[in-house]
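S.K.: Sequence:
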Amino acid sequence: MSVEEIQSDYADWLDEVGLTEYDVAFLMHEGVVIDCTSNKENLWVAPSRVASLGVLANCDLPEGETWVATSGNVKYVCGRFINHSPEPNCIFEDSDTGVVCRLSRSVSRGEELFVNYRSNLENLRGLREGIEIYKSALSFSRSGVILTQVNKMNGLQDQIDAFNKLEAELMTYPQGDCPITNRFTKGLYAREMFIPKDTLLTGALHKTQHIFVISKGDISTWFPGGEVTRVQAPFTGITEPGSRRLGYAHEDTVWTTFHATEETDPDKIVEEITNTRPNPLLTESDYAQSGWKKSMNQTTLLEKSPV
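Quick note: the sequence shown uses the numbering used here, first residue 6, plus one each step.
Wrong hints could be hidden among the right ones.
[Stated by the list, open to error] In the BS3-like style, the derived pairs of lysine-lysine whose C-alpha atoms are separated by at most 30 angstroms in a straight line are: (1) Lys170 <-> Lys45; (2) Lys212 <-> Lys202; (3) Lys273 <-> Lys191.
[Said to hold, decoys possible] Quick list of simulated restraints, FRET-style, between CB atoms: (4) Cys64 <-> Thr213: 50 to 56 angstroms; (5) Asp101 <-> Arg188: 56 to 62 angstroms; (6) Ala265 <-> Cys64: 56 to 62 angstroms.
Bear in mind the hints are in silico, worked out from the structure with no lab data behind them. Built from N, CA and C at the ideal position, the CB exists for glycine as well.
Please work from the sequences and hints to get the whole structure.
M.R.: In structure tokens:
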């Protein structure tokens, strides 16, 4: 099949199950530890012809070759990076401890592995239930705000590690555009971000307490050790020191934060009020793409006091 046919069929599958690509990314990481170092003998993760990354054979492999895909809350290479095709060469099978990936035919060195998501959806233990729980958890309630307990991992550090791995994985995808408008008055800096619908994003680690306002939109956020919170504009809240969020915009959203400072250079301010490099899995070049830099499609407005 052509690349276009495979990608089109994947889009059809998303429509059938009522998900977006960002739903899948969030679902595949929530409550999960990603292990890319184990259970991948004779495989490597490399650029895919149908997506950003895929699972490829690094030698000729016979029919029936098997790898662990998931075990408990650990997801291995085949469980995380294997892509969809309506003409697959692998299947997922339940095992006593989780899910295994099995070759349904022999493959050659350099060939990409595929499964048919339709065929395996009901076979993946708990995935259908997980999709429904995820969608229900992020459904908007009449009260305007809902709190949903995130699946518990072994502890806070496990959640931080999962956050870091998800953030690093997101950096491998094409980066979205979240325009920034900087506004200044004497002693006060306002940073306004426009977040397009269906954007999944992560934030810096905040050093200070500050007010934030959601003046437009509908967004869910989560931070390690906390709960999923969904709010719809208008909404005003307070960010506490040590906060670092994962966000998903259900609709176009405008999020503005307010910071007490005499500084007027956005690059210096962000170093002052946040730890911009809390993730040990990212490099300096990754952070340069993060959208915090003033050169990243930003507008600066210096408000002058009346004379």
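S.K.: Enumerate the violated hints, using their earlier numbering and listing them in ascending order.
M.R.: none
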